[in-house]
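Asker: Those protein sequences? They're chains V and D, same order as listed.
Just so we're aligned: the first sequence equals residues 1 to 413 in this note's numbering.
Just so we're aligned: the second sequence equals residues 1001 to 1413 in this note's numbering.
Since the hints were made in silico from the structure, they are not lab data.
Just so you know, even glycine gets a beta-carbon here, dropped at the ideal spot from N, CA and C.
Any given hint could be a false lead.
What the hints assert, rightly or not - Using C-beta positions, here's what the derived DEER-type ranges look like:
(1) Lys284(V) / Asp1413(D): 24 to 32 angstroms
(2) Asp1063(D) / Gln18(V): 51 to 59 angstroms
(3) Asp1249(D) / Gln88(V): 33 to 41 angstroms
(4) Gly324(V) / Gln1197(D): 37 to 45 angstroms
(5) Asp1260(D) / Ala382(V): 29 to 37 angstroms
(6) Gly399(V) / Lys1325(D): 31 to 39 angstroms
(7) Lys412(V) / His1027(D): 52 to 60 angstroms
(8) Asp1413(D) / Ser259(V): 23 to 31 angstroms
(9) Leu1002(D) / Ala382(V): 34 to 42 angstroms
For reference, the chains in residue letters:
There are 2 protein chains.
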Amino acid sequence: MLCKRNTDEDRSVAERVQQLISDVRSHGDQALFELTLRFDKAALDRLYLDKADLEELAAAIGDAEKEALNVACENIRKFHQSQIRDEQQVETTPGVTCWRENRPIERVGLYIPGGTAVLPSTFLMVGVPARLAGCKEIVVCTPPQADGKINGYIAYCAVLLQIDRVYLVGGAQAIAAMAFGTETIPKADKIFGPGNQYVTKAKTMILSATGTAIDMPAGPSEVLVIADETSRPDFLAADLLAQAEHGIDSQSILVSTSSDIIDRTIEAIYTQLRELPRAAIAGKAIENSYAVKVDTLEQAMTFSNTYAPEHLILETDLWQELIGKVSNAGSVFLGHLSPESVGDYASGTNHTLPTSGFARAYSGVSVDSFVKKITFQHISPAGIRHLGPAVEVLAELEGLQAHKNAVSIRLKD
Amino acid sequence: MLCKRNTDEDRSVAERVQQLISDVRSHGDQALFELTLRFDKAALDRLYLDKADLEELAAAIGDAEKEALNVACENIRKFHQSQIRDEQQVETTPGVTCWRENRPIERVGLYIPGGTAVLPSTFLMVGVPARLAGCKEIVVCTPPQADGKINGYIAYCAVLLQIDRVYLVGGAQAIAAMAFGTETIPKADKIFGPGNQYVTKAKTMILSATGTAIDMPAGPSEVLVIADETSRPDFLAADLLAQAEHGIDSQSILVSTSSDIIDRTIEAIYTQLRELPRAAIAGKAIENSYAVKVDTLEQAMTFSNTYAPEHLILETDLWQELIGKVSNAGSVFLGHLSPESVGDYASGTNHTLPTSGFARAYSGVSVDSFVKKITFQHISPAGIRHLGPAVEVLAELEGLQAHKNAVSIRLKD
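Bound conformation, chain V alone:
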């Protein structure tokens, strides 16, 4: 029961999203202008900002912020670069050579949320691997402010990523625009990025209806922290609150072998909470959260693997012994000095991660998410002689005579 997430289907969301998708599909740009006026209060003449607009907005941000975004971008680049590796050729039978090659997905769509939270970090997390993969066309949508502009940090990320155009569309209408294409917005082969429940619903609906690929299904963010008597209650409390401030539906779970640590952490949570500007949100999320007392770290890991958390922090001296026991998690933070915030922004790992238990089957976003691995095979005269007869038998037993004939005609030759 404790491992259940709140995933009640809200039918009214599905109906409204279906309507938005139909509008965009039928009326293209016109629908986007109208919806942007309705939802974002922005009366646009043009659905995008161009390079000059982006550079102007980017130039206005502070140097410390530029530097911090540069550091994040560079670390994300270094880690994701390491994911690109040539595949080896394998001769499975003498004369039969097989291998895979990476090819970028040509047209990708990136959704960057706006509204109450401005998330330049998300832009880097999807933009950097898209660039490294070599995607030809990177379509970026984000909701405009009421003045028709976007936040300077987002603009700065566009400049860092050498993206010369940002489309001013948000919500489910942005997802629909990238799935079907409009007069202005190019159609994408795969759509990435987080968003509110309308955005998420739109992504799963277009996946189901059109097969447009998406990064992954998404739910509220969550962290599971494993602690023992070596843990620091003030660090634990800070990590649990960092997750809680995301939204009232966030979940922060503490699993500890020590009751004393649990008690002191709860105390520290309420002390730290008072200082937070987003205390109202974090406080609500903490109400939905819980602490679990276990007898051993082994039990803690079993609980964690059943829960399959998006973020897992192993805040114990024994973190090295636990690595091998992690079977379901999105991203894992090791030891007392590895808070989730560092991975959220700048360690280099991706923060687009599977929530709601999807870590049982899904990985976080990586360069792999932006490429296809295409298999190739070459068969020599010796290869067809060696392997052909087995293929003839197999085609025959599956009753596929034409499959057999494609080999026989070559063997006869």
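Following the hints, put chain D in place on chain V, whose structure we already have.
Answerer: Then chain D, alone, in the frame of chain V:
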């Protein structure tokens, strides 16, 4: 227009599948017994065959067939084994170390079609990578024959794969059973395998409704063959017919720089067609297929990349020059002696591939499909000192004070 696939949404299919899913979800095993009686005409006492049953059925098949299945299994194993590689650790900032580790998806469901086509090769194509990945639980569903048994070749594959139980359920009801679990059939985290339009619809519906992962959306099989004056019309015809015999909705496309080769290939198709047991099916599929005359191989590749074929055969002396130009395809066959049949069965590459243009965004099945890549990060005292200040700036600019505090509290320490 030529690149469009027939993907008309059949609403009656969706409604019937929805009903089947609800039945299985509400009534579990009881629904499966009833549906199996209705659709497969099998009155079962038990929903599965056990190890002894499988070994008995497997023992009855011929030695040549056993040997051919062994060869296929071994080549698939060799090629997929090469896909498993350790990831490297990256120090993105001094003291900040990041890496990925593979973890198997713990419970996978494999659907093996039955009915008119018995496809042991499909069982190997999903079973071998599941075993290599180290999945703990491999749930296999296949429809029973009317006598409550299954084909001996399927049973032999189960023995080869050391799978001790095969569930006797087919169609959309099998997908629902694996998605939700029943008294007898375990719930799976991800479901693999091809099937008819009911199976395919059930997979996309459970993906959308529950987030249960699936291998990929699936449509009718297809091949695109690129030819020039160096090609052999009899080989081309055999390859086009091998695809055509799969089903009346299969597509076989010939793209050639030579009109003469096109004419002679069409002639060869009608000659070879006469000899085929599945001539009625292949003939229908050929009616839906077409040949395209292009001026250059470059144009042929552009057409192919727009079509994004499941299978691509480069049947020209110049195949080596074309490899780099392939951007969208599932699996590629190089030269005159590499018919698709060899990859369908035994070269070692996977035959579970993206159809209907999904090759623009999806890869075929591989060991990657059966694992998650979990990111890990460890931050040392030096690491938090180096990287912490940038994270503080980024958290501040996103307005997430608790994220900042999780770093500040450690820096102060």
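Asker: Does each hint fit the structure? Answer for all of them.
Answerer: The hints, checked one at a time:
no. : hint                                       : result
1   : Lys284(V) / Asp1413(D): 24 to 32 angstroms : 29 angstroms, holds
2   : Asp1063(D) / Gln18(V): 51 to 59 angstroms  : 57 angstroms, holds
3   : Asp1249(D) / Gln88(V): 33 to 41 angstroms  : 37 angstroms, holds
4   : Gly324(V) / Gln1197(D): 37 to 45 angstroms : 43 angstroms, holds
5   : Asp1260(D) / Ala382(V): 29 to 37 angstroms : 31 angstroms, holds
6   : Gly399(V) / Lys1325(D): 31 to 39 angstroms : 36 angstroms, holds
7   : Lys412(V) / His1027(D): 52 to 60 angstroms : 55 angstroms, holds
8   : Asp1413(D) / Ser259(V): 23 to 31 angstroms : 24 angstroms, holds
9   : Leu1002(D) / Ala382(V): 34 to 42 angstroms : 37 angstroms, holds
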